[in-house]
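Peer 1: So you can see what is in the structure, the chains are spelled out below.
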Amino acid sequence: MEAKKKDVVQVKNPRTGHYVKIDRAQGQIIAHKKSDGPYKDVPIARKRKVG
Amino acid sequence: MIYDPAKGEYTPSVRTYHPRTFFLMTQLGKPVPQVVTNIRKKIKRLLDDRNYILLDAGSKVTGRDFLNKIWDMILSVPIGVAIVDREMKPTALQNAFYEIGLMQAYGKETIVIRTHGTEVPSDFVRTEYIEYSEKGRSFSKEFRKFIKNCEDRAGYYALMAEELGNNPILAFDYYRRAFLITGDGIYADRARILLSKSKGIPVCNQCPSVERSWL
Chain L
1 MEAKKKDVVQ
11 VKNPRTGHYV
21 KIDRAQGQII
31 AHKKSDGPYK
41 DVPIARKRKV
51 G
Chain A
1 MIYDPAKGEY
11 TPSVRTYHPR
21 TFFLMTQLGK
31 PVPQVVTNIR
41 KKIKRLLDDR
51 NYILLDAGSK
61 VTGRDFLNKI
71 WDMILSVPIG
81 VAIVDREMKP
91 TALQNAFYEI
101 GLMQAYGKET
111 IVIRTHGTEV
121 PSDFVRTEYI
131 EYSEKGRSFS
141 KEFRKFIKNC
151 EDRAGYYALM
161 AEELGNNPIL
171 AFDYYRRAFL
181 ITGDGIYADR
191 ARILLSKSKG
201 IPVCNQCPSV
211 ERSWL
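So the protein lines, in turn, are chains L and A. Numbering of the first sequence is given in the working numbering, commencing with residue 1 and proceeding in unit increments. Numbering of the second sequence is given in the working numbering, commencing with residue 1 and proceeding in unit increments.
Be aware that one or more of the hints could be misleading.
[To be verified] In silico DSSO-like links for lysine-lysine, alpha-carbon gap of 30 Å or less: (1) A/Lys135 / L/Lys34; (2) A/Lys141 / A/Lys89; (3) L/Lys47 / A/Lys42; (4) A/Lys44 / A/Lys135; (5) L/Lys21 / L/Lys33; (6) L/Lys33 / A/Lys148; (7) A/Lys148 / A/Lys41; (8) L/Lys33 / A/Lys145; (9) A/Lys135 / A/Lys30; (10) L/Lys34 / A/Lys148; (11) L/Lys47 / A/Lys145; (12) L/Lys6 / A/Lys197; (13) A/Lys89 / A/Lys60; (14) L/Lys12 / A/Lys141; (15) L/Lys34 / A/Lys145; (16) L/Lys21 / A/Lys89; (17) L/Lys21 / A/Lys148; (18) L/Lys12 / A/Lys148; (19) A/Lys148 / L/Lys40; (20) L/Lys33 / A/Lys41; (21) A/Lys7 / A/Lys42; (22) A/Lys148 / L/Lys47; (23) L/Lys33 / L/Lys47; (24) A/Lys44 / A/Lys108; (25) A/Lys145 / A/Lys42; (26) A/Lys145 / L/Lys21; (27) A/Lys60 / A/Lys108.
[Stated by the list, open to error] Chain A side only, calculated, beta carbon under 10 Å to chain L, not exhaustive: (28) Leu55; (29) Gly155; (30) Asn166.
Don't read these hints as lab results, they were simulated from the structure. Think of the CB as a built atom: it goes at the ideal place given N, C-alpha and C, for glycine as much as any other residue.
Let the sequences and hints guide you as you build the complete structure.
Peer 2: Listed below in structure tokens is the structure:
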């Protein structure tokens, strides 16, 4: 099982309702989804607990 | 980079941020159409309920150039709300649309409140809007929905900042946007941590590392 943090994740933009794909290693937005739903096989990043 | 609109030069001025503040863009000079006054009152009440502040270009007396004052205010707030009505003076409408465009260019949230039958320039057809009717009761509901969506966007900006940590300039900017909407000091703390890890990076004057008034 791979424990390493994935380099590419996706986040849903509440303004458009569409997902954006992020390359964490590069620190860049690499794609904007034009249709509904998330990208296949790309993990969805979740909010960190504040504290 | 921010350029002074009058001089065309890079401006290094440090401005004071106004978190949890909406900038109102509409006709201020008399005679103001009654419907504009009514909408303004409603917006003020809705914002008061959620502890947000409403500012307009007349809220601050600086004695300086009016355009510079508007720029400063626009850059210091997270959200802009424009009220447009066909009875408004054409010059007031033109100013409102200029200011919306400016806010959008700087990553601010914007909403246009337009009265029934008021046309907007085609460049703004994709700008979010709410149609206002004196008889309709949906305005307050729609405006509350917009506020809630802005709050969701703040969460999104914070998450983006975390995920984009390897690009400190971008991450700073997302934290700044999250901070401006919520006024939550946690985002300033996270930006500070990011800054402490990113010594020597070049930063522009829109980045929170330089705009230390909020840190």
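Peer 1: Determine for every hint whether it applies to the structure shown.
Peer 2: Right, here's what the structure says about each hint:
1. A/Lys135 / L/Lys34: violated, 37 Å
2. A/Lys141 / A/Lys89: Given pair A/Lys141, A/Lys89 holds - Cα atoms ~28 Å apart, limit 30 Å.
3. L/Lys47 / A/Lys42: Violated: L/Lys47 and A/Lys42 sit about 34 Å apart, past 30 Å.
4. A/Lys44 / A/Lys135: holds, 19 Å
5. L/Lys21 / L/Lys33: holds, 8 Å
6. L/Lys33 / A/Lys148: holds, 23 Å
7. A/Lys148 / A/Lys41: Answer holds: A/Lys148 to A/Lys41 is near 19 Å, not above 30 Å.
8. L/Lys33 / A/Lys145: Given that 30 Å is the threshold and the Cα spacing comes to 24 Å, the pair holds.
9. A/Lys135 / A/Lys30: holds, 25 Å
10. L/Lys34 / A/Lys148: It holds: about 23 Å lies between the C-alpha atoms, which stays within 30 Å.
11. L/Lys47 / A/Lys145: With a Cα-Cα distance of about 22 Å, the restraint between L/Lys47 and A/Lys145 holds, given a limit of 30 Å.
12. L/Lys6 / A/Lys197: Answer holds: L/Lys6 to A/Lys197 is near 22 Å, not above 30 Å.
13. A/Lys89 / A/Lys60: Judged against 30 Å, a Cα distance of about 22 Å means the pair holds.
14. L/Lys12 / A/Lys141: Roughly 24 Å between the alpha carbons, so the hint for L/Lys12 and A/Lys141 holds.
15. L/Lys34 / A/Lys145: Holds - the C-alpha atoms of A/Lys145 and L/Lys34 are around 23 Å apart, at most 30 Å.
16. L/Lys21 / A/Lys89: Between L/Lys21 and A/Lys89 the Cα gap is close to 44 Å, so the pair fails against 30 Å, i.e. violated.
17. L/Lys21 / A/Lys148: holds, 24 Å
18. L/Lys12 / A/Lys148: holds, 16 Å
19. A/Lys148 / L/Lys40: Holds - the C-alpha atoms of L/Lys40 and A/Lys148 are around 29 Å apart, at most 30 Å.
20. L/Lys33 / A/Lys41: Given pair L/Lys33, A/Lys41 is violated - Cα atoms ~39 Å apart, limit 30 Å.
21. A/Lys7 / A/Lys42: Violated: A/Lys7 and A/Lys42 sit about 38 Å apart, past 30 Å.
22. A/Lys148 / L/Lys47: Measuring from Cα to Cα gives roughly 17 Å; hence the hint holds.
23. L/Lys33 / L/Lys47: holds, 20 Å
24. A/Lys44 / A/Lys108: holds, 19 Å
25. A/Lys145 / A/Lys42: holds, 14 Å
26. A/Lys145 / L/Lys21: Satisfied, since the Cα-Cα distance of roughly 26 Å is no more than 30 Å.
27. A/Lys60 / A/Lys108: holds, 20 Å
28. Leu55: violated, 23 Å
29. Gly155: holds, 6 Å
30. Asn166: With a minimum Cβ separation of about 3 Å from chain L (threshold 10 Å), the hint on A/Asn166 holds.
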